[in-house]
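> Protein chains in written order, with the numbering used here: chain A, 1 to 252; chain L, 1 to 354.
Incorrect hints may appear among the rest.
Lysine-lysine pairs mimicking DSS-like chemistry, simulated, CA-CA at most 25 Å apart [what the hints assert, rightly or not]:
id, chain 1, residue 1, chain 2, residue 2
1, L, K10, A, K120
2, L, K238, A, K77
3, L, K342, L, K13
4, L, K10, A, K91
5, L, K10, A, K137
6, L, K125, A, K70
7, A, K131, L, K10
8, L, K13, A, K126
9, A, K59, A, K25
10, A, K54, L, K238
11, A, K91, L, K125
12, L, K153, L, K189
13, A, K70, L, K238
14, A, K120, L, K238
15, L, K342, A, K77
16, A, K91, L, K13
17, L, K347, A, K91
18, L, K10, A, K156
19, L, K143, L, K268
20, A, K54, L, K125
21, L, K10, A, K126
22, A, K120, L, K13
I should point out that these hints are in silico values taken from the structure, not numbers from a laboratory.
Treat the numbers as computed from the prediction; the structure is a model and nothing was measured.
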Amino acid sequence: MAMLEVKNLSISFGGLRAVDGFNLKIEKGMLYGLIGPNGAGKTTVFNLLTGVYKPNEGKVMLDGKDITGKSIIDINKAGIARTFQNIRLFKELSVLDNVKAGLHNHNPYSTLTGILRLPKYYRVEKAMNEKAMEILKVFDLDGEADILASNLPYGKQRKLEIARAIATEPKLLLLDEPAAGMNPNETMELMDTIRFVREKFDATILLIEHDMKLVGGICEELTVLNFGQVLTQGKTDVVLNDPAVITAYLGE
Amino acid sequence: MKNLFKNMNKTTKSNLLTYALVIIVYIIVQIMLGTGSMSNLMKGLLVPLCVYVIAAISLNLVVGISGELSLGHAGFMCVGAYSSSFFSVLTKDALPELVRFPLAILIGAAVAAIFGILIGIPVLKLRGDYLAIVTLAFGEIIKNLMNVMYIGKDSKGLHFSATDTTALGLEEGGKVIVKGALGITGTPKNSNFTIGIILILIALFIILNLINSRSGRAIMAIRDNRIAAESVGLNITKYKLMAFTISAALAGVAGVLYAHNLSTLTVKKFDYNTSILILVFVVLGGIGNIRGSMIAAVLLTVLPEVLRGLSDYRMLIYAIVLIAMMLFNWAPAAINWRAKIKAKFKKNNAKEAE
Numbered sequence: 001m002a003m004l005e006v007k008n009l010s011i012s013f014g015g016l017r018a019v020d021g022f023n024l025k026i027e028k029g030m031l032y033g034l035i036g037p038n039g040a041g042k043t044t045v046f047n048l049l050t051g052v053y054k055p056n057e058g059k060v061m062l063d064g065k066d067i068t069g070k071s072i073i074d075i076n077k078a079g080i081a082r083t084f085q086n087i088r089l090f091k092e093l094s095v096l097d098n099v100k101a102g103l104h105n106h107n108p109y110s111t112l113t114g115i116l117r118l119p120k121y122y123r124v125e126k127a128m129n130e131k132a133m134e135i136l137k138v139f140d141l142d143g144e145a146d147i148l149a150s151n152l153p154y155g156k157q158r159k160l161e162i163a164r165a166i167a168t169e170p171k172l173l174l175l176d177e178p179a180a181g182m183n184p185n186e187t188m189e190l191m192d193t194i195r196f197v198r199e200k201f202d203a204t205i206l207l208i209e210h211d212m213k214l215v216g217g218i219c220e221e222l223t224v225l226n227f228g229q230v231l232t233q234g235k236t237d238v239v240l241n242d243p244a245v246i247t248a249y250l251g252e
Numbered sequence: 001m002k003n004l005f006k007n008m009n010k011t012t013k014s015n016l017l018t019y020a021l022v023i024i025v026y027i028i029v030q031i032m033l034g035t036g037s038m039s040n041l042m043k044g045l046l047v048p049l050c051v052y053v054i055a056a057i058s059l060n061l062v063v064g065i066s067g068e069l070s071l072g073h074a075g076f077m078c079v080g081a082y083s084s085s086f087f088s089v090l091t092k093d094a095l096p097e098l099v100r101f102p103l104a105i106l107i108g109a110a111v112a113a114i115f116g117i118l119i120g121i122p123v124l125k126l127r128g129d130y131l132a133i134v135t136l137a138f139g140e141i142i143k144n145l146m147n148v149m150y151i152g153k154d155s156k157g158l159h160f161s162a163t164d165t166t167a168l169g170l171e172e173g174g175k176v177i178v179k180g181a182l183g184i185t186g187t188p189k190n191s192n193f194t195i196g197i198i199l200i201l202i203a204l205f206i207i208l209n210l211i212n213s214r215s216g217r218a219i220m221a222i223r224d225n226r227i228a229a230e231s232v233g234l235n236i237t238k239y240k241l242m243a244f245t246i247s248a249a250l251a252g253v254a255g256v257l258y259a260h261n262l263s264t265l266t267v268k269k270f271d272y273n274t275s276i277l278i279l280v281f282v283v284l285g286g287i288g289n290i291r292g293s294m295i296a297a298v299l300l301t302v303l304p305e306v307l308r309g310l311s312d313y314r315m316l317i318y319a320i321v322l323i324a325m326m327l328f329n330w331a332p333a334a335i336n337w338r339a340k341i342k343a344k345f346k347k348n349n350a351k352e353a354e
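Using the sequences provided together with the hints, build the complete structure.
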């Protein structure tokens, strides 16, 4: 069974069909890329998958479960986590607390337990700290656990966003332009991190990216989107050499 | 012992400092009272100080921690004050003080919390400044409602009216408890400075522990980025409502303390100006800074009384001090200057340690 199966997904804003008849099938453990020129509808697809928008038509199945039209919170609980194109961290919280916010739903204790500082509070908080530090270590952020998220350099902010998403224990991780604004060195490092994350957390990853080096380097399969429609789908090397794809990016 | 203190994390230290500050102030005041070196004017201010401190820290929970603007905090104080005062007058002869006053505090908190939920549920689902407008309206509505409310009691039970005392139709021997614009008279004077300090400590305990827990983290995450918070599965409405309701309940407690300090309770004190005054405490002390709003509340309550001798110039100087404090606290130049002094101080300390 595929981890993610999307059938005929469509949404219109006014008269514009932003995403039109989108189909996608991602097997478990795959690293999958979604590419296309600016305005092709890539982020709209992410917003449809995560419940920010409700589709007009179509169906989204995660690990065999229908999640079409569910709320953002329910979809996260079902197992999809994401990062954002423009970084959205909890800026006034520490790096550690950003990750702990991601651990929220899997490590419950009641508000009263927290206020009264019952033994359970200390037990769960300790477990959360350990888990959070373990995740931060993967992203080489454990040295900065106590500083405010807004004080991190740009590249590390992007990493922290991935760390926070991983903390929700997702089956499917959506990365929206993870390498945007990074220099070639940082991008190389990011590629290693993404590969490592997949192994370590047993995650399936779908990413949007413009950096063709990154896409060609780590994605196993690609879908190319143009004007809201699927232009082509398949193995990375085949897709990247498709004349239609090159035309869509560069023009005639 | 010293090591124990060193090993504690920063927030625990900061919280302990906050509790210690309250207890130190309490001890100093007790010493001053014991030696008779406190003026009657200041003595009269002690309980109101506690009222304002509780109001300020509870408002900071909404404004600073939850990131919503509330302009009707006095409204929640009013609800707490009236409900508890009504209860105390009604049961004055039936219950001993030791049972009655704690019950009055719980009733004030509960009624204010219920109003908090009633207002919060529809409004907190919206984005933007709706809460500010709705709480502003709530404060005014409560004030005006209480102004025309008459409640009396006779052998047949309670009677309500919104016109005047005679409309209650009480039988002979019946007692009017809430007298419209004249308010409630005869509330037992159960509040004192010690109880005020205890309530401050309880309020601090609730707020500081909430902030440093799973729920507090969720509240602050939602404040910092609503969309990201949703994307990691945080329930926006639940946590916003939680902060708002706890804040309202604590404002109700402040109201109870206020009502049981005076024999006559009227709505005049719970107007828009009071809500704004409490907001000024919060902004001046630092949005999200609980200790700061406590200090600001104390300074700005004591200041006008200390300046009373200057008669006409009083409010002028008050305003100047307010502006100066605001600049000292928040102007970038002042912040840099303070950081420099701090660094210098640390360097000197390090040298001494060598």
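> Between K342 (chain L) and K77 (chain A), does the CA-CA distance stay at or below 25 Å?
Not OK: K342 (chain L) and K77 (chain A) at ~46 Å, beyond 25 Å, violated.
> Can you confirm whether the C-alpha distance between K10 (chain L) and K126 (chain A) stays at or below 25 Å?
holds (16 Å)
> For the pair supplied as a hint, K10 (chain L) and K120 (chain A), confirm whether the alpha-carbon distance does not exceed 25 Å.
holds (22 Å)
> Against the 25 Å threshold, does the CA-CA distance of K59 (chain A) and K25 (chain A) hold or violate the hint?
holds (12 Å)
> Does K13 (chain L) sit within 25 Å of K91 (chain A), going by the straight-line distance between their CA atoms?
holds (23 Å)
> Holds or violated: K10 (chain L) and K91 (chain A), Cα atoms, limit 25 Å.
Since the Cα atoms of K10 (chain L) and K91 (chain A) sit roughly 18 Å apart, the hinted pair holds (cutoff 25 Å).
> Given the hint that K131 (chain A) pairs with K10 (chain L), test it: the Cα-Cα distance must not exceed 25 Å.
holds (21 Å)
> Could you grab the alpha-carbon distance between K10 (chain L) and K137 (chain A) and see if it respects the 25 Å cut-off?
holds (22 Å)
> Straight-line Cα separation of K153 (chain L) and K189 (chain L) no greater than 25 Å?
holds (21 Å)
> Measure nothing beyond the straight line between the CA atoms of K13 (chain L) and K126 (chain A); if it is 25 Å or shorter, mark the hint as holding.
holds (18 Å)
> Would you mind confirming whether the straight-line C-alpha gap from K91 (chain A) to K125 (chain L) stays at or under 25 Å?
holds (23 Å)
> Given the hinted pair K120 (chain A) and K238 (chain L), is their Cα-Cα distance within 25 Å?
Distance ~22 Å between K120 (chain A) and K238 (chain L) Cα, so the pair holds.
This entry does not satisfy hints 15 and 17, going by the numbered hints stated previously.
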